[in-house]
Structures are given as C-alpha cells and as structure tokens.
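Colleague: Spelled out, the chains give:
There are 2 protein chains.
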Amino acid sequence: MQYPNGKKSSSLTKRAHLNQTDYSNRGMSLEDDINDTNTYYMAHNLAIIHKKPTPVQIVHVDYPKRSAAVIKEAYFKQASTTDYNGVYKGNYIDFEAKETKSKHSFPFRNIHQHQIDHMKQVIFQKGICFLIIRFSMYQETYLFPADKLFYYWDQQIRNGKKSIRYETVKKQGYIIPVRYQAKVDYLTVIEQCYMENGGTTNGR
Amino acid sequence: MQYPNGKKSSSLTKRAHLNQTDYSNRGMSLEDDINDTNTYYMAHNLAIIHKKPTPVQIVHVDYPKRSAAVIKEAYFKQASTTDYNGVYKGNYIDFEAKETKSKHSFPFRNIHQHQIDHMKQVIFQKGICFLIIRFSMYQETYLFPADKLFYYWDQQIRNGKKSIRYETVKKQGYIIPVRYQAKVDYLTVIEQCYMENGGTTNGR
Numbered sequence: 001m002q003y004p005n006g007k008k009s010s011s012l013t014k015r016a017h018l019n020q021t022d023y024s025n026r027g028m029s030l031e032d033d034i035n036d037t038n039t040y041y042m043a044h045n046l047a048i049i050h051k052k053p054t055p056v057q058i059v060h061v062d063y064p065k066r067s068a069a070v071i072k073e074a075y076f077k078q079a080s081t082t083d084y085n086g087v088y089k090g091n092y093i094d095f096e097a098k099e100t101k102s103k104h105s106f107p108f109r110n111i112h113q114h115q116i117d118h119m120k121q122v123i124f125q126k127g128i129c130f131l132i133i134r135f136s137m138y139q140e141t142y143l144f145p146a147d148k149l150f151y152y153w154d155q156q157i158r159n160g161k162k163s164i165r166y167e168t169v170k171k172q173g174y175i176i177p178v179r180y181q182a183k184v185d186y187l188t189v190i191e192q193c194y195m196e197n198g199g200t201t202n203g204r
Numbered sequence: 001m002q003y004p005n006g007k008k009s010s011s012l013t014k015r016a017h018l019n020q021t022d023y024s025n026r027g028m029s030l031e032d033d034i035n036d037t038n039t040y041y042m043a044h045n046l047a048i049i050h051k052k053p054t055p056v057q058i059v060h061v062d063y064p065k066r067s068a069a070v071i072k073e074a075y076f077k078q079a080s081t082t083d084y085n086g087v088y089k090g091n092y093i094d095f096e097a098k099e100t101k102s103k104h105s106f107p108f109r110n111i112h113q114h115q116i117d118h119m120k121q122v123i124f125q126k127g128i129c130f131l132i133i134r135f136s137m138y139q140e141t142y143l144f145p146a147d148k149l150f151y152y153w154d155q156q157i158r159n160g161k162k163s164i165r166y167e168t169v170k171k172q173g174y175i176i177p178v179r180y181q182a183k184v185d186y187l188t189v190i191e192q193c194y195m196e197n198g199g200t201t202n203g204r
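First to last, the protein sequences are chains A and B.
Every letter in the first sequence is one number past the one before it in full-length UniProt numbering, and letter 8, counting from 1, is 8.
Every letter in the second sequence is one number past the one before it in full-length UniProt numbering, and letter 51, counting from 1, is 51.
Isolated chain A, as found in the complex:
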C-alpha cells in the first residue's frame, strides 16, 4: 500500500462520469454484466456468487452529531484474492474477470502475482477457479481455467511473454454464452467442464 503526499485533487464523481461515457460507447462493462448475472443466479437459487468489496485502509473517521460516521481519510489496498467467489451445488467457485481491447492477445497487466498465488491455493483445495476474459473488440467472453493460466503465467520467466494469444484463449478456453438474463452465463460452462458424471466434480 502506498501513502500519498501529493498536491492536486480531483473528484471521483468526475472520473465516474468519464467512465460512464466510455461504457455508453462500448456497451456494458464486463463487471456490470457479471453482477447482473450473479443477481439473476441468486434470484433463481442457481448459485450464490458475490463480488468482494474493494479493500480500503481506513485511517481517520469522523463521528458527527446525529448522522452517519464519515470516513475522512482512507487508501486503496491491493486485493489479496480474486474479485468473485461463492458456492454452486456445494462447490467453491472463485474467479477474476478481465476485459481487453486487444484483438490479438490477453495481457497479464492487471493480474498480480499474489492473485495467481491465491488461485493456486484454491486449486490445491479443489475449488473451481478460472478467469473470465472478454475480448471487447469481438464481444466474446471466455472462461479460461486457472490451471491453464498458470502454465502461461509461469512461462513468462522463461520466454518473457506477458500475454496469452487470442487464438490460445479461443482454443483452450470455453466461450461463455450470452443470454438475455444471464449476460455472462458462466454456470453453463462450469456445468459442462467441472460437473460431468451427474454432479460429481471432475477435471479439478
């Protein structure tokens, strides 16, 4: 975590507005689509998956008269896990979601070593763990299993390649179907890849 000692200020509202403008140009963000999907899954008792809150280091809080506590100084912390986790038919589900504008490859930028470490721990504990990767240029979203990600991640050290080719994601990942209410219907893919043999877990 870094502690700032800076000079200028700008508001989140301004940034949020800029982001919104972005979204309107390229459709809903992957995060919005996943959140909507999770809400749908929850409403229909299909799975319970939540996005974890953004971790924040709170330094100073005011407790004003007759009103809510106000956090006056806090800093963003780096997440020590992936963003999403939950339960599907008793199985632990854990994933990170990333979007790229690249047409050629999925860059490792924005994935941190400690997130890979976390994913390895989850796989060791027999959790179901994967990346959701969206190539926004193609409007294609893939489930990419964590064990395959590790292979390319660990290869970085040998070959210096900090990305996975689009063709590789297409070949080794599983395209996630778009449905009206489950915009990123990843449960369908989980069911196919991990739940074969009538509900017993497989391939983990």
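Just so you know, the hints here were simulated from the structure itself, not pulled from any lab data.
It is possible that part of the hints are untrue.
One copy or two, it doesn't matter: identical chains are merged, so the pair holds either way.
Unchecked claim - Quick list of in silico lysine-lysine cross-link-like pairs, DSBU-like style, CA-CA up to 30 Å:
#1 Lys162 to Lys65
#2 Lys65 to Lys98
#3 Lys171 to Lys65
#4 Lys101 to Lys120
#5 Lys52 to Lys120
#6 Lys89 to Lys77
For chain A, the structure is supplied; the task is to place chain B on it using the hints.
Modeller: For chain B alone, kept in the frame of chain A given last:
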C-alpha cells in the same frame, strides 16, 4: 454495521487505542484469533478462508500528484453477506463470528436479516455454513450450524425471544478446540460434523 448518531467526533486511531486496551484486559479478540487461525491454515495448505473487506461507499477521492489516491469522503455500508468465506477440500465454507460478554445467552443483536437470508441461500446451495460464537466470560468458542440458528431466529416471530440460551449453544453447538497455532481450530469441528464417510459431505 450501524450508522451512529452520537455526539462527539473522535478519530479511529483513538478508538483503535481504546479497543487495544480492551483486548489486553480480556485477551485477543475473536476476530484476531480467527485471522491468525486462517493465516495458519493457509500457510499449511489446510484451507483458504479470508475475511471480506469492510464494504465502503466511496464518494470523493483525491488524486494528488506523484502519490497514491486518497479517499476523502466515504461511508460504511451494511454487509450483504457474512464476514468469512473460502474453500476446504473443494467445499464452500461460509461463516459469521460473534463474541458476547453475556453468561446466559447469545443475543441476536448484530445479526441482520439479510445475513440470515444469505446463510439460507448458502445452505440451499449445499455450502457449509455456521456461526462461530464466543462466550468471552467462559473463554469458550462454539461452532453453531446455520440450520440450527435458523430455527431460533425464525422462532423470534412467535415467541419474541431475541437470543439463544448458553445451554442450548453448548448442547446443540460444537466446542472449538484451542490450539497453539490454530487458536480457533474450527476445521477440526468441520471435519467431524460435515466430512464423515471419508470426505463425502454429510449433514448438509
């Protein structure tokens, strides 16, 4: 988390100091003990359980030159789930931890309806879900299964009783052993209660 409407403003640092004084009088807090236990479990590849970050509604952020973003205005949000979740041998684990100073009963205060709703959803999805209750006066910590909690929670409407008697927790819950490195060794209890028949789940 509740929104206070108290009188004086004070800093978190001050509060943290007061809490620390408290802790030194009555030993480590349940939260500290569980966090230590989870760190131990993780270091030994026994289970991956994390406490979720405190959910915060961020309103205003400063972006000073050459340094980290500072959150200048934010508010505590009510958590929509329990505090802890993760994976143990492929199984989804989900729990809330509460400490009481009462000698006679565990009060429902600080448990919210939406947390109960979440726990019911988890049980429906065949997750392993429970409360960890510490009676600090006895230095006894219990695992109390969610399905038994629901019974007493739902009874509130009929009999108005907003707590569970200590004797009931003792009888229907499972005492959690204290170990040097796993101060709240709840995995031992999970193993006994949910993992019988050689790893297949039971009693959920």
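Colleague: Could you run down the list of hints and mark each one as holding or not?
Modeller: These are the hints, each one checked on the structure:
no., hint, in the structure
1, Lys162 to Lys65, "between (52 Å within a copy, 29 Å between copies)"
2, Lys65 to Lys98, "between (42 Å within a copy, 28 Å between copies)"
3, Lys171 to Lys65, "neither (60 Å within a copy, 44 Å between copies)"
4, Lys101 to Lys120, "within (27 Å within a copy, 40 Å between copies)"
5, Lys52 to Lys120, "both (19 Å within a copy, 19 Å between copies)"
6, Lys89 to Lys77, "between (32 Å within a copy, 29 Å between copies)"
Hint 3 from the list above is the single one not met by this structure.
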